[in-house]
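Student: Protein chains in written order, with the numbering used here: chain E, 1 to 297; chain G, 1 to 297; chain C, 1 to 297; chain P, 1 to 297.
Simulated from the structure, these hints should not be mistaken for lab results. These numbers were taken from a predicted model, which means no experiment stands behind them. Don't take every hint at face value.
[Said to hold, decoys possible] List of simulated lysine to aspartate or glutamate pairs, EDC-like, C-alpha gap at most 16 Å:
| # | chain 1 | residue 1 | chain 2 | residue 2 |
| --- | --- | --- | --- | --- |
| 1 | G | LYS216 | G | GLU203 |
| 2 | E | LYS216 | E | GLU203 |
| 3 | C | LYS45 | C | ASP25 |
| 4 | P | LYS130 | P | ASP150 |
| 5 | E | LYS138 | E | GLU108 |
| 6 | C | LYS130 | C | ASP150 |
| 7 | E | LYS216 | G | GLU108 |
| 8 | P | LYS45 | P | ASP25 |
| 9 | P | LYS216 | C | ASP211 |
| 10 | G | LYS216 | E | GLU203 |
| 11 | G | LYS2 | G | ASP25 |
| 12 | E | LYS130 | E | GLU108 |
| 13 | C | LYS130 | C | GLU108 |
| 14 | E | LYS130 | G | ASP211 |
| 15 | C | LYS130 | P | ASP211 |
| 16 | G | LYS138 | G | GLU108 |
| 17 | G | LYS45 | G | GLU34 |
| 18 | C | LYS216 | P | ASP211 |
| 19 | G | LYS130 | E | ASP211 |
4 protein chains.
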Amino acid sequence: MKIGFIGLGRMGTGMAAHLQGAGQDLTVFNRSAERVAPLTAQGAKAAQTLADLAHATVVFTMLADDRAVREVVLGPDGLLRQLAPGAVHVSCSTISVALSAELAQAHEAAAQDYVAAPVFGRPDAAAAGKLFLLAAGKPVVIGRLRPLFDAIGQRTFVVATQADKANLVKLSGNFLIAAVIESLGEAMALVEKGGIDRHQYLELLTSTLFDVPLYKNYGALIANRQFTPPGFGAPLGQKDIRLLLTAADSLQVPLPFASILRDRFLALAAQGGEPRDWSAIGAMAALDAGLAPTAHS
Amino acid sequence: MKIGFIGLGRMGTGMAAHLQGAGQDLTVFNRSAERVAPLTAQGAKAAQTLADLAHATVVFTMLADDRAVREVVLGPDGLLRQLAPGAVHVSCSTISVALSAELAQAHEAAAQDYVAAPVFGRPDAAAAGKLFLLAAGKPVVIGRLRPLFDAIGQRTFVVATQADKANLVKLSGNFLIAAVIESLGEAMALVEKGGIDRHQYLELLTSTLFDVPLYKNYGALIANRQFTPPGFGAPLGQKDIRLLLTAADSLQVPLPFASILRDRFLALAAQGGEPRDWSAIGAMAALDAGLAPTAHS
Amino acid sequence: MKIGFIGLGRMGTGMAAHLQGAGQDLTVFNRSAERVAPLTAQGAKAAQTLADLAHATVVFTMLADDRAVREVVLGPDGLLRQLAPGAVHVSCSTISVALSAELAQAHEAAAQDYVAAPVFGRPDAAAAGKLFLLAAGKPVVIGRLRPLFDAIGQRTFVVATQADKANLVKLSGNFLIAAVIESLGEAMALVEKGGIDRHQYLELLTSTLFDVPLYKNYGALIANRQFTPPGFGAPLGQKDIRLLLTAADSLQVPLPFASILRDRFLALAAQGGEPRDWSAIGAMAALDAGLAPTAHS
Amino acid sequence: MKIGFIGLGRMGTGMAAHLQGAGQDLTVFNRSAERVAPLTAQGAKAAQTLADLAHATVVFTMLADDRAVREVVLGPDGLLRQLAPGAVHVSCSTISVALSAELAQAHEAAAQDYVAAPVFGRPDAAAAGKLFLLAAGKPVVIGRLRPLFDAIGQRTFVVATQADKANLVKLSGNFLIAAVIESLGEAMALVEKGGIDRHQYLELLTSTLFDVPLYKNYGALIANRQFTPPGFGAPLGQKDIRLLLTAADSLQVPLPFASILRDRFLALAAQGGEPRDWSAIGAMAALDAGLAPTAHS
Chain E
1 MKIGFIGLGR MGTGMAAHLQ GAGQDLTVFN RSAERVAPLT AQGAKAAQTL
51 ADLAHATVVF TMLADDRAVR EVVLGPDGLL RQLAPGAVHV SCSTISVALS
101 AELAQAHEAA AQDYVAAPVF GRPDAAAAGK LFLLAAGKPV VIGRLRPLFD
151 AIGQRTFVVA TQADKANLVK LSGNFLIAAV IESLGEAMAL VEKGGIDRHQ
201 YLELLTSTLF DVPLYKNYGA LIANRQFTPP GFGAPLGQKD IRLLLTAADS
251 LQVPLPFASI LRDRFLALAA QGGEPRDWSA IGAMAALDAG LAPTAHS
Chain G
1 MKIGFIGLGR MGTGMAAHLQ GAGQDLTVFN RSAERVAPLT AQGAKAAQTL
51 ADLAHATVVF TMLADDRAVR EVVLGPDGLL RQLAPGAVHV SCSTISVALS
101 AELAQAHEAA AQDYVAAPVF GRPDAAAAGK LFLLAAGKPV VIGRLRPLFD
151 AIGQRTFVVA TQADKANLVK LSGNFLIAAV IESLGEAMAL VEKGGIDRHQ
201 YLELLTSTLF DVPLYKNYGA LIANRQFTPP GFGAPLGQKD IRLLLTAADS
251 LQVPLPFASI LRDRFLALAA QGGEPRDWSA IGAMAALDAG LAPTAHS
Chain C
1 MKIGFIGLGR MGTGMAAHLQ GAGQDLTVFN RSAERVAPLT AQGAKAAQTL
51 ADLAHATVVF TMLADDRAVR EVVLGPDGLL RQLAPGAVHV SCSTISVALS
101 AELAQAHEAA AQDYVAAPVF GRPDAAAAGK LFLLAAGKPV VIGRLRPLFD
151 AIGQRTFVVA TQADKANLVK LSGNFLIAAV IESLGEAMAL VEKGGIDRHQ
201 YLELLTSTLF DVPLYKNYGA LIANRQFTPP GFGAPLGQKD IRLLLTAADS
251 LQVPLPFASI LRDRFLALAA QGGEPRDWSA IGAMAALDAG LAPTAHS
Chain P
1 MKIGFIGLGR MGTGMAAHLQ GAGQDLTVFN RSAERVAPLT AQGAKAAQTL
51 ADLAHATVVF TMLADDRAVR EVVLGPDGLL RQLAPGAVHV SCSTISVALS
101 AELAQAHEAA AQDYVAAPVF GRPDAAAAGK LFLLAAGKPV VIGRLRPLFD
151 AIGQRTFVVA TQADKANLVK LSGNFLIAAV IESLGEAMAL VEKGGIDRHQ
201 YLELLTSTLF DVPLYKNYGA LIANRQFTPP GFGAPLGQKD IRLLLTAADS
251 LQVPLPFASI LRDRFLALAA QGGEPRDWSA IGAMAALDAG LAPTAHS
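With the hints as constraints, model all of the structure from the sequences given.
Tutor: Next comes the structure, spelled out in structure tokens:
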């Protein structure tokens with residue numbers, strides 16, 4: 001198969017490298033060219049424009065947000081116009097449920113296939129080929145993509161035949177992670193103000209009921225107040241809670257925890273926190289409680 | 001050592017059995033006598049009144065709430081009056097930070113020792129000797145208690161020298177668990193209304209980022225709407241969130257997630273949910289969203 | 001001046017009638033024709049298409065939501081294309097801050113003027129010419145519109161020269177009203193469950209600190225559980241809180257009360273409440289508390 | 001009637017002066033003597049101890065909180081022991097529903113009468129005899145107290161025969177006021193960040209839908225950031241929300257707005273705000289939004 005890959009950010013670079021490593025005929029495209037060189041050094045071809053992906057059978061997109069995906073796919077001379085009938089667009093970006101539904105419709109109208117395949121995992125997991133993929137689309141198309149998914153991730157979950165459901169599941173997963181961050185932030189603020197060392201406290205938690213990397217990793221970031229450089233930036237986390245709440249609005253589902261997370265991200269941004277990791281919302285309960293957020297207090 | 005044990009509920013029975021199994025000279029006391037027989041059958045003695053514990057070196061209490069502990073310890077002819085100087089009261093109940101501080105003071109005034117040692121774990125862990133203990137008190141006293149703690153649990157964390165800090169940590173742990181229940185409840189309500197099967201969704205979550213018994217067990221209770229018989233009753237969970245918020249009030253720590261949990265437990269109780277497991281709050285997001293909570297929908 | 005008026009709903013009908021009554025040369029347009037007759041009976045002309053408004057100097061729009069305004073103004077053959085350079089579009093609808101900004105830009109590009117003039121008041125106030133107008137736009141243009149505003153309302157507040165600020169103020173006003181509804185709902189649920197008659201309670205409140213129509217009128221709707229027919233429908237209230245939160249998101253302002261209102265409207269809609277007045281969220285605290293919402297309990 | 005009055009704070013001084021002015025035989029008691037002189041100068045007698053009130057037919061208490069009332073009434077040599085059978089204790093303090101119920105029971109056991117009569121109004125209203133009284137107790141006893149109530153306030157509402165219901169209503173009233181403060185704070189933060197002057201905004205609100213002293217007065221405090229000296233201190237407001245939530249907990253009524261107010265008062269206290277007026281919570285939304293709270297920004 002001729003494979004195209006659009007979006008060589010920290011996630012996309014790892015994913016594309018694993019496709020290349022699996023012996024695929026890979027052509028990559030990125031807005032800024034310097035991200036392309038490491039992949040061409042491994043044998044991938046470089047597309048100068050989206051038109052260079054016109055002969056691809058399968059094109060992955062891994063972009064930052066709705067705006068970027070909309071421009072690349074639906075814009076003039078966008079992917080939708082380049083792809084041949086029968087080609088597949090695999091959208092791995094964390095985008096809105098509504099845009100994913102719109103893409104599905106647009107590709108169907110163009111006699112192309114569309115699969116949503118957002119992922120769980122941070123850049124280190126992408127680099128290691130250890131992502132989890134949440135795929136939704138026509139079963140026969142997903143069946144054909146299996147070898148590619150296996151190259152990228154450690155496991156693929158087929159969520160539904162309707163593509164946008166994968167995006168809903170992905171957003172709900174990021175909500176669950178953000179809820180872990182906030183709850184750890186609140187618990188740590190409480191015990192710290194009660195005189196307990198927060199590092200010792202985290203060790204206790206993650207040696208007992210919360211013995212899982214998610215709590216260990218985010219707990220350490222919060223306990224260490226180590227929010228830069230960001231692994232996953234606050235604006236991205238904020239965007240995902242926004243998309244979650246928009247989806248919940250459409251589906252008429254009140255989500256009180258998600259509303260609190262929304263306000264945390266807004267306050268963080270309003271107070272200058274946008275350059276930080278999204279786990280920085282985990283320090284806000286301490287701030288509210290009058291605890292100064294020093295690096296190693 | 002002569003050991004006393006007061007409170008043979010579902011937790012206390014398992015804990016006392018392990019102390020007995022470890023070869024201690026154990027005398028047990030329970031308000032209702034039928035819970036005593038299994039332990040006397042294993043060789044423990046039965047106290048008829050608290051006065052029968054007067055010669056004990058160490059007395060454990062594992063009772064339901066502040067009211068019960070206050071009555072047993074501080075009431076007329078209570079434990080405080082029975083114990084000899086130098087004896088130790090080990091309080092394992094999940095009680096308020098304020099009562100724990102009051103007990104510490106009362107025992108000190110009576111030349112007795114006091115250690116708070118609340119536990120993480122449900123009745124099956126108590127029966128298996130697999131609890132985690134969170135101990136706080138004088139280090140030398142805790143040192144002497146080590147063999148007893150090792151009989152009861154798989155690991156003991158020494159939290160602080162000031163006893164009530166162990167109670168604060170315990171309450172914060174139950175808060176974190178309740179936050180897991182609520183966040184799972186919200187996420188499941190959302191994806192279910194979006195057309196995803198909640199059992200399949202839980203399988204996805206717990207195979208990936210949330211691969212830990214806490215999420216698996218509570219997630220299954222919520223997905224199955226299986227809230228009776230209660231493993232840990234809703235009124236107990238509600239009590240713990242109430243005690244957490246009271247401690248947070250004293251320490252001046254705003255806890256927005258905890259406030260939401262408070263309202264969930266109030267609504268659950270107001271709508272007849274008190275006979276259920278505390279994980280029943282995990283079905284309330286679905287109720288709010290207009291999803292009928294049927295057994296296997 | 002030749003005046004056009006688009007949107008003869010319950011609000012627009014009253015407003016247009018007052019313009020006609022003030023001796024203006026009025027042409028009205030409405031999607032469904034039966035709303036037009038009462039105004040033509042008073043002397044107004046009826047436009048068959050938007051093109052019939054091409055010669056108007058000033059055109060008011062009073063439409064349900066962003067979608068309607070976007071279609072009427074920015075759609076093919078929409079108002080933007082019909083109006084002559086120098087004509088003024090006065091937008092009275094409660095629309096998003098973002099759409100208002102977009103309209104300002106579009107009209108400016110067409111050498112037309114744009115004034116946002118959303119109103120406070122329900123249909124009875126519109127019929128009585130007692131609305132309050134919140135106007136924003138170029139001072140000289142607002143100056144020319146004064147006689148028209150005076151015909152429609154009892155007072156006009158000039159909020160800013162940037163039009164979309166009037167929409168922000170309008171949305172904040174509806175938020176404040178919704179907060180009154182929710183707080184009355186909570187207080188009534190509490191005292192009612194405490195054994196106090198809610199009608200007697202409302203009489204007490206509105207005879208003392210809350211002696212103002214807003215509390216009297218909404219309080220009566222809540223106390224009487226009288227939510228149909230709707231004076232201002234729940235979906236409109238929900239829309240306004242949604243627009244408020246979107247504006248707050250752009251401005252980075254966390255609004256915890258608004259988030260709660262959002263969830264109330266979602267729960268109301270999810271449970272079938274869309275045909276009710278927006279004050280129906282004032283009965284939800286009672287529902288949560290297990291009080292059956294009967295008509296005169 | 002021989003009248004006693006205990007508690008000459010800013011509220012009690014005005015109330016006692018009006019009783020004295022109405023020609024009653026008044027004896028006053030206050031912990032610190034300097035507050036007594038102005039009243040003895042008008043002809044009141046000064047009690048040195050509570051025993052000096054033993055011959056009173058009616059004794060009012062107007063004290064800061066539960067602790068103070070409990071000590072004065074239920075303490076050794078407290079009012080309960082001093083009063084003769086048939087005497088009436090009129091409790092005007094804002095205390096917990098539970099303490100009011102306990103006082104009712106204690107006085108009944110002592111063959112004394114008890115009426116709860118908390119008030120709406122700030123010190124200026126007390127000084128002007130313009131308070132509103134919320135009375136609950138036996139109708140025949142309240143009937144006898146009417147002339148005294150008329151001396152103190154502009155109107156008395158008889159809430160119930162069960163005394164503690166008056167306390168519930170009083171707490172709910174303070175909740176409604178706090179909700180006004182918070183909602184104004186949120187709305188002002190939003191429009192201010194949107195570029196609207198908050199004083200002009202307040203003028204608009206209180207000239208239209210919110211034309212009532214409550215919104216004018218609290219709105220001005222918030223717009224002016226004028227929180228010292230406190231008219232009603234933040235710790236008192238915090239106490240009332242705490243008592244409200246405790247009552248709501250007993251009655252099983254979830255109150256989401258009240259939970260947010262609780263967190264606001266906690267954050268205010270944690271950040272040093274206790275010396276301020278309780279309306280200082282109305283500036284916290286602006287703080288969260290990154291707006292510096294300067295005196296006249």
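Student: Determine for every hint whether it applies to the structure shown.
Tutor: Okay, the hints, checked on the actual structure:
no.	hint	in the structure
1	LYS216/G to GLU203/G	8 Å, holds
2	LYS216/E to GLU203/E	8 Å, holds
3	LYS45/C to ASP25/C	8 Å, holds
4	LYS130/P to ASP150/P	9 Å, holds
5	LYS138/E to GLU108/E	11 Å, holds
6	LYS130/C to ASP150/C	9 Å, holds
7	LYS216/E to GLU108/G	38 Å, violated
8	LYS45/P to ASP25/P	8 Å, holds
9	LYS216/P to ASP211/C	13 Å, holds
10	LYS216/G to GLU203/E	22 Å, violated
11	LYS2/G to ASP25/G	5 Å, holds
12	LYS130/E to GLU108/E	31 Å, violated
13	LYS130/C to GLU108/C	31 Å, violated
14	LYS130/E to ASP211/G	15 Å, holds
15	LYS130/C to ASP211/P	15 Å, holds
16	LYS138/G to GLU108/G	11 Å, holds
17	LYS45/G to GLU34/G	14 Å, holds
18	LYS216/C to ASP211/P	13 Å, holds
19	LYS130/G to ASP211/E	15 Å, holds
In the structure shown, a violation is registered for the earlier hints numbered 7, 10, 12 and 13, in ascending order.
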